[in-house]
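**Student:** These are the residues of each chain, in order.
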Amino acid sequence: MTDNTPHIETGPLEINQALLKKRNAREIRFRLYGLSAVLTAIMVLCLLLTSIISKGYTAFEQTYILIDVRLDTETIDPKGTNRLEDLAAASYKSLLRAALREQFPGIEGRREKRQLYGILGTSADYDVRDAVLDNPKLVGTTATIAVKASDDVDSYFKGYISRDVPEDNRKVKDLELIWLDTFQADDRIIKKFNVDFFTNGDSREPEEAGILGAVIGSLYTLAITLALCFPIGVLTAIYLEEFAPTNRWTDIIEVNINNLAAVPSIVFGLLGLAIFLNFFGLPRSAPLVGGMVLALMTLPTIIIASRAALKAVPPSIREAALGIGASRMQTVFHHVLPLAMPGILTGTILGMAQALGETAPLLMIGMVAFIADIPSSMGDAATVLPVQIFLWADSPERGFVEKTSAAIMVLLAFLVVMNAIAVILRKRFERRW
Amino acid sequence: MSSAMDMQNFNIINDPITSEPKIIARDVNVFYGASQALKSINLDIGANEVTSLIGPSGCGKSTFLRCLNRMNDVIENCMVEGRINLDGIDIYNSGLDPVLLRARVGMVFQKPNPFPKSIYDNVAYGPKLHGTVSNKDELDERVEKSLRRAGLWDEVKDRLDKPGTGLSGGQQQRLCIARAIAINPEVILMDEPCSALDPIATAKIEELIDELRKRFTIVIVTHSMQQAARVSQKTAFFHMGEVVEVGETDKLFTSPQDDRTQGYITGRFG
Ligand SMILES: Nc1ncnc2c1ncn2[C@@H]1O[C@H](COP(=O)(O)OP(=O)(O)OP(=O)(O)O)[C@@H](O)[C@H]1O
Ligand SMILES: [Mg+2]
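Same order as they appear, the protein sequences are chains A and B.
Numbering-wise, the first sequence is residues 1 to 433 according to our numbering.
Numbering-wise, the second sequence is residues 1 to 270 according to our numbering.
Because the hints were derived from the structure by calculation, they are not lab data.
Yeah, the Cβ is synthetic: ideal placement off N, Cα and C, and Gly gets one too.
Be a bit skeptical, because a hint or two may be false.
[Said to hold, decoys possible] Below 25 Å or equal to it, Euclidean Cα-Cα: the simulated DSS-like pairs (lysine-lysine) are:
#1 A/LYS311 to B/LYS157
#2 B/LYS117 to B/LYS136
#3 B/LYS117 to A/LYS311
#4 B/LYS111 to B/LYS136
#5 A/LYS427 to B/LYS162
[Stated by the list, open to error] From chain B, some residues computed to sit far from chain A (all C-beta separations above 10 Å):
#6 ARG26
#7 ASN29
#8 SER35
#9 ASP90
#10 ASN93
#11 LEU129
#12 LYS157
#13 ARG159
#14 ALA201
#15 THR202
#16 LYS204
#17 GLU211
#18 ARG213
#19 GLY241
#20 GLY263
Take the sequences, apply the hints, and build the full model.
**Tutor:** Set out below in structure tokens:
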């Protein structure tokens, strides 16, 4: 190579000190702006997390009351079969109520009795039944069994209900406080890890409400979304990036895909309502339809991410493959696609994370209904995590406040895991050419 | 047009350069969109010799080279006119599958471009792709032979499972040559194969080219006149999309017929 530039005579480089100072000051200022922006972001994030965690962590605990229940054979197993089915079918409610009355003799009025029974959760009798099923030998004895307290009692012991509030405005009345004090003095109030929160579906009663239904609903929905989005999105991206000629049509398609990525998600919900439900008559509130709607929404994201990943594979790799006689399809599937895969997967996971947090379009197709059952198929009515959060946040009961925050924590945990996987994939398969 | 007629035409043109050309290019025009990159190129490439293409930057050397294995097909707005015959078969108009053509006409690129796979897989990819080996032993043998021929075997025999991208630039380029010759092509096209290499690596590749000439027909694009003089028997000088002069390398460099050739090889332009 010859250097054709004419030689220019210059003196030694003279630096204007004032200019240099100004330049350095500007650099420092810019760095400070950046730093303060990052700090602000971190602070806001911390604030958000602190608020959610401090409100929500109590939901992972549940207050139980230890009660001596006389498990008399007459009520539980009058025929004496001792079969588990019979034990399970028995009514434990009356036994529990009797035990309470025994604990606090002298309670007469109907209202007072109801008040007394009300300190226990609505399905506290299941705790007794489960204890018996666990250990059938208990039948005929008096056993100390931990039963779930009602949501108000639970809130009281978690410190959310203050005694100083006048009785009229207090969910836990004076009389109940006396009973609870008695229990507490006897060391009969215990807190246990709230397993039910992770194994139950939704419920009208805060102490019974769990997240599992929403988690399963979300998983079904995401599975449908992924199954639809990934193949369609990746194949579309491959076709557009590797095979399609550039002409007016592909330009139009490209513009439209980019536009679709920016369409508000509720529009996809309306589309789903109009097409999937009203036209094709698919079931309402089902993960099947939810997944299809979210797939519509996520598809542009995946196509765009996949195209970017394919574009990032250097053309020299394609030339190398074509040059030794690989067909275009072989070039793509043997070389280009494997190299683009980490990028495609990262994009897909981020798209899925976005879909996981999506609420609005699902409201349109009826996934906002109250559903207590845990869905067992893609066609069952179900709800999803963000909608569950929305539903609980909307509920008046005190007990749902902490559930809301706990559900947010569960959702965040899923998102963190998904994003971490994306980061790991990117790091692990990162290639330098 | 029948192939018999083709042959007749060639006889009429009767190029003096070589008696048995491997590749014959006649009246080749190449357009990128509206701009013409090659104008009516007529060139014969002799079998089992090295033909070098020289000329100033942008004169269409790479474009011509890529016509020979139809790599221009993948460039979207590129249009090739005219006729290029490989062993008497028109590679553009006779229905020859470009994929098969590229198996017969291998290519080595300017920048070494090994696949980001192991050294072994780089070389084995072609034979596996074309099914030219039937079992693992044959494949191993083919890989070793190709690497030996590319003069790389001794340097990599202990690290065949290491990524090809981890080699030095010169080694990578030789790996690319090994990859190209592993499928036993008839012609090897090289587009400035040494431009990214230091003199020692360059010398190795040049030695290799001389060695490969016995089995393959080689077309090499180079910006180094010394290199052209060292490795090639024939040289074609391209200028602004035309072949200005073509002939025996010695003659072309010692007594060029055209002023433009003269100017280029004495370094007055380009
Ligand atoms: N893909 C392309 N699209 C449009 N024009 C192209 C393309 N590739 C090459 N050209 C044009 O065709 C002409 C010939 O290019 P070519 O790459 O063949 O030159 P070259 O002789 O190989 O140059 P160099 O020595 O710099 O590699 C140039 O004017 C170039 O701008
Ligand atoms: Mg070139």
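**Student:** Confirm or reject each hint.
**Tutor:** Checked hints:
1. For the hint linking A/LYS311 to B/LYS157, the alpha-carbon distance of about 34 Å lies beyond 25 Å, and the restraint is violated.
2. A distance of roughly 18 Å separates the Cα atoms of B/LYS117 and B/LYS136; the hinted pair therefore holds under the 25 Å criterion.
3. The suggested pairing of B/LYS117 with A/LYS311 holds, with an alpha-carbon distance near 19 Å, which does not exceed 25 Å.
4. Between B/LYS111 and B/LYS136 the CA atoms are separated by roughly 30 Å; this puts the pair beyond 25 Å, and the hint is violated.
5. Between the alpha carbons of A/LYS427 and B/LYS162 the distance comes to roughly 20 Å, so the proposed pair stays at or under 25 Å and holds.
6. Distance check on B/ARG26: its Cβ is at least 24 Å (rounded) from any Cβ of chain A, clearing the 10 Å threshold; non-interface status holds.
7. The non-interface label for B/ASN29 is consistent with chain A: the shortest C-beta to C-beta separation is roughly 22 Å, beyond 10 Å.
8. Interface exclusion of B/SER35 from chain A stands, the closest Cβ pair being 17 Å apart, more than 10 Å.
9. A cut-off of 10 Å between C-beta atoms confirms that B/ASP90 is not in contact with chain A; the least separation is 19 Å.
10. Consistency note on B/ASN93: stated as away from chain A, and its beta-carbon is indeed over 10 Å from all of that chain's, at 20 Å minimum.
11. Not every C-beta of chain A lies more than 10 Å from that of B/LEU129, the closest at about 6 Å, which undercuts listing it as non-interface.
12. Distance to chain A confirms B/LYS157 as a non-interface residue, since its nearest Cβ pair spans about 22 Å, more than 10 Å.
13. The beta carbon of B/ARG159 is kept farther than 10 Å from every beta carbon of chain A, the shortest such distance being approximately 18 Å.
14. No Cβ of chain A comes within 10 Å of the Cβ of B/ALA201; the nearest lies about 18 Å off, and the non-interface call holds.
15. Every CB of chain A lies more than 10 Å from the CB of B/THR202, the least distance being 15 Å, so the non-interface label holds.
16. Distance check on B/LYS204: its Cβ is at least 21 Å (rounded) from any Cβ of chain A, clearing the 10 Å threshold; non-interface status holds.
17. Listed as outside the interface, B/GLU211 is consistent with that label: its C-beta sits roughly 20 Å from the nearest C-beta of chain A, beyond the 10 Å cut-off.
18. For B/ARG213, the shortest C-beta to C-beta distance to chain A comes to about 20 Å, beyond the 10 Å cut-off, and the non-interface label holds.
19. Residue placement check: B/GLY241 keeps its beta carbon more than 10 Å from all beta carbons of chain A (closest about 22 Å).
20. Every Cβ of chain A is farther than 10 Å from the Cβ of B/GLY263; the closest lies at roughly 14 Å, confirming the non-interface assignment.
The structure shown violates the earlier hints numbered 1, 4 and 11.
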